Amino acid sequence: MGFETPALVAPGRREAVGPIDRPRDAQAVGAPLEAARLRLLALAGSLDGLLGEHAAPLLEAARRELAQRSCRIAVIGQIKAGKSTFLNALTERPGLLPTDINPWTVVVTALHFRNAPTPPEHAAVFHLFSVDEWNELAEGGGRVRELTERLVPGFQSDLLRAQLKVMRKRAEQRLGPRFAELLGKCHRFETVTPRILEDYVSAGDETSRPCAGALRRHYSDITRSADLYFNEGPFAFPLTLIDTPGTNDPFLVRDEITRRSLENPDIYVFVVSALQPLSAGDVAMLRLLNGLYKDRIVVFINRIDQLPDPASDAAAVKATIEKRLRVEFPTLQVPVICGSAMLANMRLEAESADRAGRPASRAIAAHSRLQALLEPPCEPPLEDRPRIAAPAVQVSSGMREVSAAVTRLMCTSGVAMRLRQIAVCLAELVRTAEVTDRAELGSINALVQARRLETASLRRRLEEEKASLAAFEERANRLQASFKEVEAHFAELVDTASQLLRERLGTLVREFAEKEAGALKEALNDRPRQAVWRCDIMPLRHELEEAYLGACEQATSDLDRIEQVLYPQLRLIVASLLPDYNGNLLEVPAWPHGVMPSVTALGDKVTMDLGTSWWSRWFAGRKAAEERARHLRCLIEEDFLAIADELVTEAGTYLSERVDYVMRRVDAISSGLRTGIERRGEHLAREQALIDSPARGEDLERFEAEQEARGEACARRQEACSAALEELVTVLEALDAAQGERP
Amino acid sequence: MIEPASLVIADRAGPPLTAGLVEPPLRTGAKERPRRIVVIGEFNSGKTTLVNALLGSPVLPTSFTKHTAYPTVVGFAAKPALRAELIGRRRVAVPWSAIDEAPAPHVRRLHVGMPIERLKALRAVDTPGFGLGDEEDEARTLMACRGAATVIWCTPAMQAWKASELRTWLALPRTVRRRGVLAVTFMDALPSSGDAGRLLARLYADAGPHFRRIVTFSAQGFLAAPAGELA
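As they're listed, the protein sequences go chains Y and F.
Following my numbering, the numbering of the first sequence begins with 1 at its first residue and continues without gaps.
Following my numbering, the numbering of the second sequence begins with 1001 at its first residue and continues without gaps.
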C-alpha cells in the first residue's frame, strides 16, 4: 500500500511519459460528493417553480450553501516538513507557494478551488493586521503575553520580547517608518504570481528592505491572512486547502499566530518528514486532534527521496509509524502514505515541459534525479533483461494515494453530512408539496361537481370548502404553534444542559487544582529539596473531555427522547390534516453518525504543557511551599477555566446545530402546508367572487376550463415532484454508498 | 561572530576530524586524559554518523528506523571489545549484536573499545535521541553530558533548529551549554550551496547565541555502516 510503479521514467524511455490524461473525473478528489452536489444543485433549481413561494427562501439557502460549500483541508506539521511543497504538488502547480530552506511560510494561506463557471473577482486577497491586532502582537499583548507572563521571568519571556523587537524593527525597515498607515488595509490582486505571494506570505530574508524607488515591499510581517482563488484545479469537489506555518517554530510569535488562526477544518493532512518521523511533538499534536477528528486525519510521510535507500527505507519508516500510531491510538485508523512532494513537483514540471515541447532545465534535472532514484548505481539494469522486469524500485510521489485517502475521508466528513441534510430537506419539501397537491386535486373535483349543481348547493359546497380550509388552516396553525413550542423547549433544554456543564467543568477544574496544590504541598513538606516536581495535567484534560462528551451525549439523548415522543404526535396531526398522507415525512430524523461535538478547546496549549524545562524553571523561582501551592492552584484554574468556558460554548453550538437540523425539517413541512393553504384560499376567494357576480351563467364554461387547467397543473406538479423525489432518493443512496466505502 | 568550521568529509582517509572541536585543556598542567566528546540531538539527526566520522571508521551501526538505544562510549582498547555498564556501574562483556537490540532497563550505557589511534586523545559518546517521548532515555543522555569537553548538538540541515531543540538545549545546565557546538548534519541533502548560506545565516541569528560555534557536516560515505563491521 502506498506505492505505485512510477509513471515517469528516464529520458531514454520517453514514450512511457505519455500524454497527460489525469484521471480528472473518477479519481479526482471528492468525485462522489461532487456528483451528488451537482445533482442537488440542479434539483434545487428545478424545484423553484414547483414548490411555491414559501419554499423559496429554503431553496435559496440550499442553493447558496451548495454553491459555496467547500471541503476545508488543513495541511499541518512541524516547520520544514514540506507542507507548502506538498500543496504545490497536490494542486499541480509547482512553484505556486514559495518554499525555502528556512521556515518560510509565515501566514496562514487558504487556497480556494471553487469549480465555478465564472472567473473569481480577485485571484489573491491579503488582509493586513488591524491596528489593534498589530499593537497587541507587537507589544506582546493578548494571549502571547498571557502565556509568557505566567512563565518564570528570565526564561522565554525574554526570548519573546527580543523576538518581538526584531519583528517590529524589521517591519519598519521593510515597510518604512509610516508602515502603521498600512494596518487594517486589504490588498487585492487580479492575478497571483509567486512574487506577490513571496511578498505577503514568506518570511523573507533579514536583509530585504525597501530600496529607494523600488516598487516591491515585503508585507508578510503585518499580513494576517491570505486567500487565493482558483477557478479550476485538479479536484472534483470544491476545496479550500489551508497552508500553515509549521509548529515547533523557534520564533514563538509565529507559532502562536498559527494555532489561533486555524478554523475548524474538515480534514487534516499531517505532513511529517521521513527523516525524523513522528517525534514526541507530532504525537502530542495528534493526541490533541484525536478527540474531534477521529478518522479525519491523513499522515503523509514526505521526503522519502532523501532516505538513503528510498524503496526499502520508506517501507520501514512507514511500518514504524504505523506501529507507533497503533500503540498511541489503538482505536484510530489513520491512513499513512509515503511519498515525496518534491518528486511530484519534478514530475509535473517535466510533464509541462514535455507538453510544451521545450527542454526545461529543471525538468532535465528532475529526470536525472529520478533516474538516479529508480536505478541505483549499484544495480545497473542489464541489457538483456526486459525493461518491465527491471528491479521494481517503487518510488512514488504518493499524491494519488493522498487524493484517494482524502476522498474517502470526505465521504464521512461534515461536508458529506451537509449534502445529506440538504437532500433530506429537499425531500421533505417535495413530499409536502406532493401531498398538498393531492389534497387540492380532490377539492377541484369536488368543486367542479358542485358547480354543475344548483347555485344554492354550490354556495353550500363553497361554504363547506371554506370550513374545511379553515379547519385545515387552524390545524396547520396549531401544528406550527406546537413546532414553536418544541423549538422553545429545545432551546430551554440546550440552555439547561450548558448551565449544568459549566458548573460541572468548573467543579472539576477547582477540585483538580485543589488536589494538585495539596499534593505539591505534601511533596514539598516531605522532601523540601526535591529537585523537580511535575503536575501532570493530562488526567484533567481527560476528566474534562469525559464530562464534556458525557454532557453532550446526555443532552443529545434528551433531545432524542423528546423527538421519540414528539414525532408520533406530529404524525397524528399531519395525518388528520392530510388523510392520504403516507410518506415517511415524520420519521424521527436520523442524526448522521460520526458527528461529534468539537473538543478543539481541549487542545489549547496551556502553560503547563511546556514540559520539564518549564517546570524546573518554575521551581527555581519560588520558595515557600504554601506560596508554590497557591500559585499552582491559580495557574491551573486560570488556564483551565478558560478552556471550560470554551467547551461550554462549543457544547451550546453543537446542540444548537442538532436542534437546527430538526427545525429545518419542520420548517420545510410547515412551509409546504402554508403554500397549499394559500393556494386554496386564493382560489376560494375567486370562486366566491364568481358566484356573487351577476353574469355567472356565462362563466360556467370558462370556469370548467379553468378548473381543468388547474387540475392539469396539479397533476403535472405531482409528476415532477415524484420525479424529483426519485432523484433525491438516488442521491441519498449514492451518498450512503460513498460513506460505506471504507478501506 | 562565530566562524563556521567545515566538517565536510570527502573520504574516510581524510585528516582527523577533531580539529576545532576539542578545546585546549581548561587548566594548564591538568592531567592528560582522553577528552570526552558527547554527541546529542533529536532522533535521526545523524549523531551516530557524526561519531563514526569522528572515529574515522564506521564503528557504530546507523539506521533510520532503529534508534541508538544507550549512551555508547567509544574509547581506546588494544582489541575490539563491547561491554555493558549495568546499574551499579558493574561492566559485563556482551556480544556485538547487543548494540542493535532493544534497550534493557538494567543497562546504563555501552562501552566500545577500539584499536583506533585517535581514540587515545578523545573519547566519543553517542547518545539516544531526544524527541521520541522517552523521558528516562533523555535523563540518561543528560547524565552522559557531564564532564564532557565538548557537547555537539546535531541538527539536520533540512529541518534545522526547531523550538523543541531550543527548549531541550536551554534545559541543559549552563556549564554543559558553555561547551556546546552546533553541528548541522546532512548538509549534502541541501539542494544548492546558496541554500546552505541562507540556512547558516538563520542559524547564526537564531541559534548562534546559544553555542560556541556552528559547524556543518556532510556524511557521504558514512551512512551505510553495517552493524558490527569490526566484530
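Source of the hints: derived by calculation from the structure; they are not laboratory data.
Since the model is a prediction, treat every value here as computed from it, not as a measurement.
Each hint should be verified, as a subset may be incorrect.
To be verified - Partner residues aside, some chain F positions facing chain Y, computed with beta carbon under 10 Å: (1) Phe-1043; (2) Ser-1045; (3) Phe-1076; (4) Pro-1080; (5) Leu-1086; (6) Leu-1132; (7) Glu-1136; (8) Ala-1163; (9) Thr-1175; (10) Gly-1194; (11) Arg-1198.
Ideal placement from N, C-alpha and C gives every residue a C-beta, glycine not left out.
Hints, one by one, checked against the model:
1. Phe-1043: Interface hint status for Phe-1043 of chain F: holds (6 Å vs cutoff 10 Å).
2. Ser-1045: holds (7 Å)
3. Phe-1076: Since the shortest Cβ distance to chain Y is 30 Å, the answer is violated.
4. Pro-1080: violated (25 Å)
5. Leu-1086: violated (24 Å)
6. Leu-1132: Nearest chain Y Cβ about 6 Å off; hint holds.
7. Glu-1136: Result: violated, 12 Å to nearest chain Y Cβ.
8. Ala-1163: holds (5 Å)
9. Thr-1175: At about 15 Å, which exceeds the 10 Å cut-off, the nearest Cβ of chain Y leaves the hint on Thr-1175 of chain F violated.
10. Gly-1194: holds (9 Å)
11. Arg-1198: This interface hint holds because 6 Å falls under the 10 Å limit.
Hint compliance for this structure: hints 3, 4, 5, 7 and 9 are broken, all remaining hints hold.
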